[in-house]
Amino acid sequence: MKFSAATTLAALLGAASAGSKSDDRTFAVLRFNNKQLVKTRVDPIINPGKPATHVHGVMGGSNFGMSATGETLSQSKCTNAMINGDNSAYWFPSLYFQDPKTKEFEAVDVFYVNVYYFFDGTDDEIKAFPKGLQIFSGNSSARVAPSSGGKENLEPADGPIQPVQWTCPRSNYNPPSYPANSDGTTAGIVDPNNDGSGVGFPDQNCDGYASPLRADVHMPSCYNPKAALTDYESMAWPSNKGASNSRRKNCPAGWIHVPHMFFEVYWDTPKFASRWTPGQGSQPFVLSNGDATGYSLHADFIAAWDETVLQQIIDNCNAGSSGMDKCPGLLKGLNTNKDCTISSPVDEVVDGLMSKLPGNNLLTSFGAVVGGGSSSGSGSGSGSGSVASPSGSSASSAATAASAKPSAIQPSASKPATSGYVSQEEVPKTSAVVSSELPIQVAPEKASTKAAETSAAVAVPTTNAVAPKPSASGCSRKTRTVYKTVTVTSPAEESKAAATPAGSTDNYKARRHVHEHEHLHRHRSNRNRTPRHGCGDQRQYIRTAGKMSLYHEAADILSASSDHGGSLKSRVFGKKGLKSPPAQVYALALETCKWSAILKEVIEAADILRHERKLTPLLALLLVHDFLLAKKGIALPQSHGLRTTIERHKARLTSELTRARLRRKMSSLELLRADVNANADPEGRHPRWIRVNVLKSTVEDQLETTFKGYERALSIEAVTQATGKAIFIDTHIPFLLAASPGTDVTKTQAYLKGEIILQDKASCFPAYLLDPHSEDGDVIDSCAAPGNKTTHLAAIAKSHEPEQGAQKQTIFAFERDSKRAQTLEKMVRIAGSRGMTKIGPGQDFLDIDPTSDTYKDVGALLLDPSCSGSGIVGRDSMPELHLPEVPGPPGSKNAKGKPSKQDDRKRKRDEKEEPGAVMVDDDGNTVEVQSEQELQKRLDALAGFQLTLLLHAMTFPGAKKITYSTCSIHAEENEGVVIKALASKVAKERGWTILPRQKQVLGMREWPVRGLPEAAEGDETVAEACIRTYKGDGHGVMGFFVAAFAREEPVDGDGPYLRDDEGRIVRDMAGMPVLKSTGKPVVLETANMSATEEEKSSAEESEDASDEGSGEDEWNGFE
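Taking mature numbering (1 follows the signal peptide of the UniProt record, and there is no 0), I'd label the letters of the sequence shown as residues -18 to -1, 1 to 1101.
Each hint should be verified, as a subset may be incorrect.
[As the list claims (entries may be wrong)] Distance windows between CB atoms, simulated:
#1 Glu629 to Leu651: 16 to 26 Å
#2 Glu1030 to Lys790: 25 to 35 Å
#3 Ser337 to Glu867: 40 to 50 Å
#4 Asp589 to Ser325: 18 to 28 Å
#5 Glu107 to Thr636: 52 to 62 Å
#6 Asp826 to Leu653: 24 to 34 Å
Quick caveat, the hints were computed from the structure, so don't treat them as lab data. Predicted, not measured: the structure shown is a model, and the values here were computed from it. Positions of the beta carbon are idealized from the N, C-alpha and C atoms, including for glycine.
Let the hints inform the model, and build the full structure from the sequences given.
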């Protein structure tokens, strides 16, 4: 299959390994799940076992701490990296804003962080990081510009390495981001090749679209295996000197080439744009180490990857900017935990307003060099924060320090350019120029005693936080009570209610008591009440109560325990006694879940739960969703207490939504909405796959009728990105169409008549790979419900019939569950294949005797047994819900965000525990697996059942073809079962082998995603014969696996037909095979149904169409 050149996923699964010898750089961006893991004054590389000198932002595994190692990180309970298997730690200095007027410091929030994994063109083999490898890049002591100026340099042969820059995207560069002709002594220097980048802080606002100030740090990628993993200074930079061509970069001989990482840290600097004046030669941002120049930018890394997971990515992935989460074959899948954070090991204030930087770091500006820098101690934690020269009392002696590191400046074959440390090559002769707004102090050299060093490091300022001043009157702010029951009051009573103290315990308990009772009791009570004066008539009261029920009923469904089971739709439409229309409750609940991650940010940033103490997190989500996103706003009367509770925070809520939108690089709410829908809806990122049922129609007919107004797309990417209706004819599976996401055909006549069938592309693979012809005899579908594959088999068999007709083939469809068998029966009838399908309702395929005369002509079997459903997790499960944190009241001990006892009770009721692995059964019900041990136990049990089914199929005497498939990504259920089956006694005795790729039907032979060699015990032939698909890999399919088995020589010799000397079947003039038993051609039967059969089928279809209803329970799901 060919892909558009514009697609960044073009080389995802190309023949050349991403990490093998190649001229071209490939890459994949590692993204993180929103939050930083922690913001803390810790650096386990430079300051192991004690607090660091300055604050860092940290991403990665939850076992990060002062003494973190690769081993301890690998045992983290969670990580905010999006790839399961990466518990590594990534950290960088935090950024602060110093108000030019008050001189106070304020933390700058991180927008987001990307870590690019570059697999550079090289003659080397790129290997996964060994666990515990430490890497550092930059120089936290630097206060002077590098001698190379503003451009970066990663090639040792071209001079000193310069791996760090600042990028400042702007709408235009007039005036420039850096002063013209700057030499770095009083301001940063622009990159001559990029107006938006340079070394040192720019002195202009970075106002580019959704791209504020960005820190850029490259990491070295050559590891010396003779050095200790903790010897970060031994890391070196690859060079094209001595490489086979200039496009390749190699590590020194004997060294290990690891991925080249590139950190991008985006800071929310636009928030401060109105508080300083650009272009005045004094910008307000400062790194946490006190650096006001920006020259000391740096980053650190400790490897804690599952090396097998990373190596698979290196060897197979070129996802580019689409993200590492789009890589094919992720062995441990994606990390969906978006709430992985830890507490800071150092108890101090690092956010908010501060009079001093954490760690008491003094400000240093251009030309100053922080003390403590040395060839062995330079790093993200080096220096005390005071100004001194690295090896003497004069800044100019930094040149001496440079000479102590010749390898960093003049690499040679024997001594490569080592470490990411950037030396101070030369300090300008001019004295340091310090802004009058940035006080600077010259301190003595680094303390000589260890005790003094420890004392200075551990010291934690106690005056950082600026406490809020009490009001002059000493009165606390009165908070309006938010009623949690359905009430209608007069304006006077509204005023009275607004004055009720938030702490009115009796009122709160009474109303909470009513809320926690069943809705029926509550609304019956409400209907018996008489409306107050000025509140309208009884009908208005009932309408109000109904609207109020909408939010409480949606909250009740979303807060129900996960053990209730079923999808959100089944929970809503299956709930009795709803006062609101079920469709309205479902829409509100579903849309709120989709937006909950963003709304959580908005609600927490607006801080409304601190002031509206009677508002639960879940109710806040529902109400804020409608307030910000529903066309008609909150569905309550304008004077209603809950509505006014939200609307009085209008300005802050709308402002925070805008910030959340910009953080996601969305220029409009419409684009954000599309992005939310695409990421929240399991089908949103995929096309709508539609199989044309050739038993009843043709692709041409459907394109001219059902899809007449659709634009013809030329690729899957074009379909998924289409803003209107688009259709694409698949290039792998015949008669398969891909429609634009969200396309609904369930009300069309073609769908209701069975002319088109909704079926995921991957689900079409088993029948197409089996490819039953008339000479293959009868066919078995062993686990047939709901019938997609059964009807597909019938369609394929019909498409292979000779024009003159053929011997009648029978499809035996088994389904041991009687209820599911009814669904199978219905679908087979609607699809028009009842005449050739025999259904065994309640029959278990394993109970069938293969030697029975009924099955003597069975030559092909399709096995799609029950599996873990890991390829389609989320299809029918409850959507993910992100609840905002409940802060304590202003001034309370819980003000930092720890829930009060009252809030804790709410959270226990509202919040769900972080889900573990999930399995999906044949009916779409989800089962949560609580531990790795339980998951493995279930997988082993499933694999055992699947193997039993496969071995049973191999015993059918006339069988020549078998396809085995699962909707799982777990190797235990896939390649593991295949390998065991091939090694079995029955396979060896009966001559079963894997159907090699080169003998597979064309579309499957050309499918690029194959099995995993490591899962196939290193057998690359078997792995290449296996077919995999991965959800989210750019092909628009769900996770799936299929393999085919073939038996060249049937047990009875050469089958029931005569063959010539070359083994070919003898046929008559009409092309029909000649039977061995009679010497005569197969008796022909008309391919069409008899009039009686056709009339019966038509009548059955009419009956089915009459009871279709809304289609909620139709056969329109994915298998």
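| field | Hint numbers not upheld by this structure, sorted from lowest to highest | value | 3, 6
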